[in-house]
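> Sequence:
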Amino acid sequence: MSTNTELAKMFHTMATVLEIMGENAFKVNANSKVARALEDLVEDVATIEDVTTIPGVGKSSAKKIAQYIESGEMFEYQQLIASIPHGLLDVMNVQGLGPKTVRRLWQEADVTDIPSLREAIENGRLASLPRMGKKTIENITQSLDFLATNANRTRLGVVLPIAENLIAQLKVLKGVTNMRYAGSLRRGKETIGDIDILASTDEPKLLTDTFCAMSDVEKILAQGDTKCSVRLDVGLQVDMRVVDVVKFGAALLYFTGSKEHNIVLRERAIKQDKKLNEYGLDPSNLSETEEVIYADLGMPWIPPEVREDHGEFACNETPMFITSKDILCDLHCHTPGSDGHMSIEELATIAIARGFHTIAVTDHSQSQGQANGLKPDRLRTHIDLIREKNETISGVTILAGSEVDILPDGTLDYDDELLAMLDIVVASPHAALQQSPEDATKRLLAAIEHPLVHIIGHPTGRIINKRKGLEPDIPTLVAAAVECDTALELNANSYRLDLKDTHVRAACEGGAVIAINTDAHRPEDFDQLQYGILTARRGWAEPKNCINCLEHDELQTWLLRK
DNA sequence: GCCGTTTTCGGCCCGACTGTTTTCAGTCG
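With my numbering, letter number 347 in the first sequence gets 347, and the count goes up by one each step, no holes.
The hints are all genuine.
With a straight-line cut-off of 30 Å between C-alpha atoms, the simulated BS3-like cross-links for lysine-lysine are:
1. Lys100 <-> Lys219
2. Lys274 <-> Lys227
3. Lys442 <-> Lys544
4. Lys271 <-> Lys259
5. Lys227 <-> Lys33
Hints listed in this document are in silico derivations from the structure and should not be mistaken for laboratory results.
All chains should be built: construct the whole structure from the sequences, respecting the hints.
The structure is reproduced here in structure tokens:
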């Protein structure tokens with residue numbers, strides 16, 4: 001785990017402990033804020049001279065960070081975690097239990113962790129506490145059962161289709177005038193906690209009743225006039241809010257978040273003697289669209305993907321981030337030459353249908369035995385086949401490429417003579433993904449600096465919720481990528497999204513170019529492009545930052561420079 | 001604990017729903 005991640009976890013933990021101890025809520029929040037800042041920090045925090053330059057990090061936190069970097073320990077952290085049973089941190093994850101209740105459970109019912117909480121429920125100790133009725137205990141029990149089986153946030157690629165399907169079913173109901181998803185889904189985060197749906201309707205009861213009665217609803221968590229929450233059988237929570245159509249914009253803004261973005265917006269409103277909530281911006285009484293609210297606060301409309309209070313408030317105009325329409329080619333695709341399931345003809349047909357001017361065939365190299373990687377002889381034959389198809393198929397340029405393995409020591413899986421025969425070389429790490437950050441940085445640097453490599457494919461090799469992948473020093477890679485004019489891939493597959501959002505931003509700000517590719521093995525994989533686009537937008541990427549936005553001849557020129 | 005387009009001290013976002021209560025605290029987003 002990187003120092004940043006370790007420290008972020010510690011600050012999160014300190015915030016939770018302080019909360020349970022009943023500390024000042026602002027102090028709690030300050031610790032959470034530091035944790036968040038560290039999570040999103042791309043540079044190694046140890047390399048930053050003055051950490052108080054990071055927004056949210058003040059003198060006190062800086063001292064703790066410095067102490068940890070120097071000694072590997074943090075006095076205050078150790079003191080805090082020693083002050084409560086460690087298992088209480090898990091109890092805080094039970095839905096419906098907050099700091100006040102957890103403290104009471106601990107001090108009045110000897111609850112110290114999840115097992116002792118279950119035990120206290122079973123032997124009736126919990127029921128003897130004041131304000132612990134039958135219903136509350138039933139809810140805690142169900143939350144415990146849920147927690148035991150569903151710990152992770154769900155991948156964007158799973159949640160988005162579910163949300164679209166729900167909306168398609170509910171939007172056609174009588175009286176519904178408006179319906180959209182909001183929350184972290186609209187912001188395009190790589191994982192989603194729950195689905196937020198916002199609706200306007202003349203028949204609110206019909207909508208909420210239908211929603212709660214849908215066949216994939218497993219449990220109704222709350223059902224009021226304007227708000228209801230359910231849990232789907234797949235384990236996802238869906239919150240629906242019904243709002244007046246003339247207040248839809250204010251509600252959309254509010255429920256899209258992030259919380260941190262909203263807080264800054266409300267603070268701005270207060271400074272201008274205004275008041276912003278989910279019903280509108282007073283006293284101007286603006287609420288119909290997000291745009292008018294931002295405008296009244298003296299700001300341009302901010303795309304949802306960057307509403308994280310990470311610099312978007314400095315924008316003087318709406319940034320023109322990349323969209324799917326800007327993507328003119330896919331430079332990383334597979335065929336049965338290795339482990340793909342589309343012929344070259346099929347690839348070409350799909351590329352033409354999507355309006356691409358170019359598609360690259362980049363099958364795996366020889367080390368990828370399990371993926372039917374091409375031995376040098378087979379690659380030569382494969383290149384001939386691709387060239388032949390490129391001659392006979394019109395309407396799209398088909399590039400002969402390879403996704404060549406970056407071996408653990410940074411060398412490539414084919415010799416230079418063979419690589420030089422290719423139109424495009426995507427070099428990716430596939431094995432030895434647990435090496436040290438130092439080794440990973442060296443390995444990837446070698447590939448970036450290789451004169452025949454155009455793109456570094458999925459640079460960290462992470463699999464969301466499954467595999468951490470490499471932890472190279474991103475600023476170092478970005479600097480080298482700029483120097484060598486090598487593109488860093490944002491692999492659009494929703495399992496990967498690698499580079500991730502903060503890395504994309506570091507790349508773009510550092511002047512490196514990115515490539516957004518689907519790594520398609522099957523026809524439907526091309527639909528994953530949308531997740532890559534959302535992630536790129538979260539990384540503030542504009543078309544000028546991305547080689548997939550180059551016109552045909554510009555791309556050829558860029559490729560031939562290597 | 002952090003921060004400053006009135007502030008280095010005095011603030012720090014705001015409303016809905018639930019459950020257990022006779023008027024509201026706690027949790028969530």
